[in-house]
Every structure is written in structure tokens, then in C-alpha cells.
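Chemist: Letter by letter, the chains look like this.
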Amino acid sequence: MSSTDLPTTPGKPRSPLRGRAVAVGVVAMVFGVAACSSSKHATTASSASESTAPSASASSSAPAAVASSASAPAPSSAAPAASSAAAGTGSGPTKLIFWEFDNGPDTPSMTSIINNFNKSQSKYQVVDVNINYQTLAQKILVTMAAGGSDGPGMFTTSTDTISQYVANGSVANLDDFYSTPASYPDAAAILPAAVAASHIKGHAYAIPENFFDEGLCYNKDLFAKAGIATPPATWADFATDANKLTIIKNGRPSQYAIALGDQNDTSQFWQPLLWNGGGGVVSDDGKTSLLGDPKTISALQFWVNGVKNLHWSPIGDQGPAAQALFDTGRAAMFPCGPWVVGTAQAGHINLGVAPMPAGPAGNFPWAGSIVFAVPSTDTPEQKAAAEAFGDFWNNKASQFIFSNGNGYPTTRTDMTPADFPNNPWVGSFSVFASTSKYYLAGVPAGTQVNNDVFVPALDKALAGQGTVQDLFTSASKAAQTLLDKNP
Amino acid sequence: MSTTEIARRRPSFLPGHSNQGKKGRTPRGQSRAAWLFLSPSLLILGVFVVYPIGRALYLSFTRYSLVKPPHWIGLQNYSTLLKDPAARNAIKNTVLYGAVTTIGGVVLALLIAVLLNQRFPFRGIARTAVFVPFIVSLSVVSIAWSYLLDPDIGLLTYWGSKVGISAGQGFLVNPNLAMVSVIVVGIWKYLGFYVVMYLAALQSIPRDLYEAAAVDGAGPVRRFFTVTWPLLSNQTMLVAIIATITNLQVFDQIFVLTQGGPFFRTETLVVMMYRVGFQNLQFGYAAALSWVLVVMLMIVSAAQVAYFRRRTVQY
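Residue numbers (the numbering used here), protein chains in the order written: chain A, 1 to 487; chain B, 1 to 315.
Incorrect hints may appear among the rest.
In silico DSS-like links for lysine-lysine, alpha-carbon gap of 27 Å or less [said to hold, decoys possible]:
(1) K249(A) to K220(A)
(2) K83(B) to K477(A)
(3) K308(A) to K477(A)
(4) K295(A) to K477(A)
(5) K201(A) to K287(A)
(6) K437(A) to K396(A)
(7) K477(A) to K92(B)
(8) K485(A) to K83(B)
(9) K244(A) to K308(A)
(10) K485(A) to K287(A)
(11) K396(A) to K119(A)
(12) K162(B) to K308(A)
(13) K249(A) to K162(B)
(14) K485(A) to K437(A)
(15) K437(A) to K477(A)
(16) K287(A) to K477(A)
(17) K201(A) to K437(A)
(18) K83(B) to K287(A)
Derived coverage of chain B by chain A (criterion: at least 3 residues anywhere in the stretch with Cβ under 8 Å from a Cβ of chain A; other residues may be distant) [what the hints assert, rightly or not]:
(19) 65-76
(20) 260-270
(21) 276-282
Derived from the structure by calculation, the hints contain no laboratory data. Just so you know, even glycine gets a beta-carbon here, dropped at the ideal spot from N, CA and C.
Excised from the complex, chain A in its bound form (with noise of 0.2 Å):
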């Protein structure tokens, strides 16, 4: 039989419902649409006061409006008593929801300052939200649009993406922050580096929660092993010492040098490679591409060569998966901050930190910071809370509380890593501050010149799929149509 001999149905018969199923479905869109006017509402009153370029006075001038429109559903992460925040309206302190990323030795720290603050006066109340850091970031933008009071009043994020945030008028600008000690005594004892990069184009968005200089972990028994006495100065010892510790067995790397990640998370480590080599991705200003810069395409030509024609770094790792093969003794080497410390002793890594390798043009650490924002949503009384915040966390008490906790270096000028006995590991991240950079910091387009054009190309170069030069050259025009569309 074949299928020509089956019956078959003839076409489907044509419904006497239809117009009513069309009427149904515009009175539930008029439904729909009602429903969600609400939060639309909020989102325009939020943002009728906004410039459409960013600027100091632009990110501040709104909250007052959304904050007594319509309420939005909470993240699923909030804490249950985040929901009544009364966000500054009633009786009572002005609750201040908090979302944060901190994770590991951060986390009792973090709390312990939390609460010292809580009990320390009766004004505000911060309520603690920890989430993940891609969640926080894929959440904050839409929780802010939603409008309400149960979104975050203050929420974590890095230096390197402050300026989208900025440029999309998300933050709320906090100059007052820096130029009122008398409400605010303990800002001016931040360092200068990590106050700068929580400034864009002359005006303060952030508030400085930690501060590090990236340093070159070391697992001492494999240099032990492999003959070498001291961690690698310049960049001719690092090729030396690169071959002796990267083992291959059977015809894959049984041991890498260095796990040197090279994806978005990561893409931060190879900074210092190339700042060392005399280039970089952009300019100091934010304004230039340099990556098809002679000097850059040589400090590249020289890591790529390494990564994928020796071997000393396996290929597309992400942050994670990088440091897990330092932490599991199967990389020698790590481009690390005070967070790996007790995860590579969890692994009973015989750990040493040292700065990294020098290149022709010396030695730029990549400086991290993670910085307190402010909504631009915030009302009054929630954005005069985080700073509260802020000020509280950079004095000298909570200070002593985080870096004691975790090793970070303190946020202080007025500190020394002698003002903790107890840790030693606070002092192996700073010692490199004069000279080290932020990465991205005030550059609207960074996040787009990193993910869009740095990554790939640099992914690219490590799976022969180009030249340095051809790929980085071609790269470069790439990033600065980027960085001119976004001034």
C-alpha cells in the first residue's frame, strides 16, 4: 500500500469561532496591557528627568516619582523582609536593599560589617541580598525598570562596568559622596586609584567596596620539582621557566605553566601582558584603540606563540575551570587576586604570590575594584543610605573586619598591611599599587570592546584562525568604531 492509497482528511474546516477566538484575544491583550501599565508608568516617570546623555545631574533627578509607583515583584532571590522595605516612606529606618556578589571568605565579613552597621544607628537599615554576579547583572536593569520599592536600593558591581551603567543613566550620581566630609569623614581616606575609577568623566558613580592588585600565584612545589628557585622577573624568565613546567604526556599537557583563562571573565589577565609589552586594548583616556598598535601586536605575538604553539596554557577557559587547574596542582602559575588564596590552600597548594612577570615596558598590574552603585531609581532617603553605607564600610573598623577576613588590601591610605598581624596574605596584593591600571574603567563602549572584539579576536589567534597581526590590525578598526559611537 502506498501512502497515495490512504484516505486522507481534506483540509482542516474552516471555524465559525474564529472572529470570536480574535475578539477574545483583544480583549485579554487590553487586559494585558493594562496590567502591565502600571510599571510602564513607573518606568517614564522614572525617566521623564533624564537626559539622554549622561551626566552628573541626570542620574540623580528622578527616584522620588518611581519610588511611590506601582510596586514590581521582587527577585526570587530577595529576602523575604526586603519585600516591606518601606524605601525611606513611613515609620521607622529607611530600608536599604542590598544585592551583592561577594562569595567564599567575603561572606562572614560582609555580614559582620552589615550588621555592625545596622546596630550602630537607628537611620537606616541595610537588608542583605547575596546573588550571583551574572544574575545581579542581568536582573539590576530590569528590577530598576519595574519600578517599586522592593528592588535593590544599592547594589555590587565592578569598575570596568560602571560606565555602561552610567551611559544608560541606571546609577545615580554621587559627587556629594566625595565633597561632604562632614557627613561623609571616611571617603577621604580612599585610595586615590580606586576613588578615580569610580569617576567617570569628572563625576563620581561609585563607592569603593574592595580594592586589589592582580598578582602571579605560584604553586611552589612544582617550581620546587622542576628545578627553579624563584618565580619568573621578566618576561625571558617566564618563556624559561614556562618550558621546564609545562609537562606533555602522551601528546596533550599533562601540566600547564600558567592557566591563563581567555574568555570575558578572564580577558582582564592578559592585560598586564600587554600594558607590560608597552600596549594595551585602549588608550589610558578611554578614547584610542590600541590594539592593532605595533607594541601590542608584539606583546601578543609573544603570549600567543606560547598558548598555542607550547603549550603553557590550555585554550577557552573561563575564570572557573582556570583556576581549578591552579587549585588541583595541574597549573603552576595563576594570574590571581586575594580570592584564591583560600581555595588554592583549601587544595593544599604550597602557595607564593609574586608580581607579574616585567615586559619590555615594565610591570602594570591590572587593578580590580568592586564598587557600591546607587540606582538612579533610589529615593532620596535611599541613596543618603548607601552612602551612609559607604562611608561606614571605608572606616577604619569595618575596614580591619574585611581585610582581616579575606586578605583583600585595605581600601585605606591610612592602613598598612601591618595593621594586620593576623594576615599575611593583605599585604601580597598591594605592593604593586604604584604602578598598576584599572582595566575599561570609564569607558562607555568597554564591556562591547571587550566581548565583541577583544575576546573573539584574541580566540582567534590562539586557534590559528589568522595572524596576530592581521587579526588584531583588523580588530583595532573594529574597536574604535566602538569606542567613537560611544563617546
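Here the structure of chain A is known, so what remains is to put chain B in place on it, guided by the hints.
Modeler: Below, chain B alone, put in the same frame as chain A:
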């Protein structure tokens, strides 16, 4: 089931239903009651499906970063899209992934369903094993596969190296193997569901058709192509449409396994939408990309329905 049987079981509000014996219930009254029962679902669909689709269409004509109100820019997002090599690459990857995964998944599902429709020891266990991946979270599945394919600790990488298959720095990093890897995971994940759908259809085919074909001298292969395959047309249409829609919207496993890399080799439209919207904060452009996907889905689904409608069978 015969046509008259179907007619007999027709819901009362559909045309052709007999209202005899239902005193006091006019067709109009019954119809009203039916719409009343349907209204909660229609309301939910309206709020959570129809409205967002319409809103996305509006946003696709704006510049929108969530915090500021949308700024109308007409067709600018679409003209940017036409010139954007990243969008062309994403469309190409989406079509490639959708076509290979759908065709591969449907064909494999049919073959496995035919095999699992035979009697053999431990058939129940085999059926369960095929179905289990479908009930596991796609994110969990993807994380598990990322470990299996890891160049340093991956079991599949290790086994591959033993038989001379080397992925160099890793399946998910190798530009020639990354798409193949995510396609394999995509097929594997949904295979069980399609197999179950085919199994249900296979078991509804009357045995007497096979017996008649056998009496006429048809062997197993001829019986498959003259009885099984034609009588599975309805199910094939359903499976193909579901698979196409699912595969063209792929996001989870690509996001977990490759994040669209290496250098956008596995970036599909939805992954690009995420990047453009949530990383670059260009929600208007992301909405325009979403409408490209909507149009693609409409065209493909309409083509599939038109193709299979001519082959619909009833027995």
C-alpha cells in the same frame, strides 16, 4: 478510530455536535460557556504571550536601555541588522543548528522508536534510558556535557584520544567541532521525547495492515515504507514542528557550553539577543533580532504545515 467516532466525541461547542437531548441549552449558550471556560487561559496567553510579542515589536523600532523610556528610531534597528555581520552569522548558525538538529533528531527518533517497538529483553530499561535526558534540566545536562568534553578531564576526550580522535585544545574550543558538539547535545537531549511520541503513534497503527502487507509478500523494509512511514505522517508533522520551534530557539546549552564561542562560531539568534540585550544593554536591537526569529519561525512552521497537510492521514 473512525470518522464517525471522532464526530461522536466532538466537544459540544464545536460545529457538528448534536445538541439533541440537552434541554434548555442553545448552541449560543453552550458556546458562551465554552468561551467562559477558555477565558482564563486566553487571558494568561494574552498577558504573557501576545502582549510581550506586541511590545517586542514596538521596542524593535526604538532605542531602549530599560531605564530611560524607549526612543522611537523607526527602522534603524532593522537597517543596522541587515548590515551587521554578527546578525548574519547568528542567523546562519541558527539555521544550521535548527536544520541539522531537527532533521537528525527526527530521523534518529524514528529509527530508535521502531527499534524500541520490537520485543526484546530489557526493553523497558532501554526506553527509560532513552527518555531520561529529556526530564533532566537542560542546564544540568549542559554542565555534565561540558565536563565530558573538557580537554583536560573529559571522559569523551579521553576515549576519543584512545581511538585516534583528537580535538586539540578541546571540542568546545575547536572552531570546527564546537557547533558539532552543541548539535550532538541538542539531539541527545530531546531525542527521548520524540521517541516517545513516535512510539505512541507506532502502537496505534492497526496490526491488520501489516498482516495484509505481509500476505502480499512485503518484507520488513517494504512494510516500513508502505505502511509505517505513511501512517506516521501526522506524528512526523507534530514532531517536526515541535523540534523546529525548539531548535530555532536554542539558548541554554550553547550559553552553558560555549557562550556562543569560539569567536561567535556557535552564536545563534537567541544567544546574540542575550548578548546584545543584557551585556550591551541595546534592548531595542535585541527586540529586532527577536522579531527576525519570530518571522523565521512563522515561515518555517507555515511551510511545514503546508507540506504535511497534503500528507495527513486518518485511519
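Chemist: To test your reading of the hints: which numbers does this structure violate?
Modeler: Structure breaks no hint.
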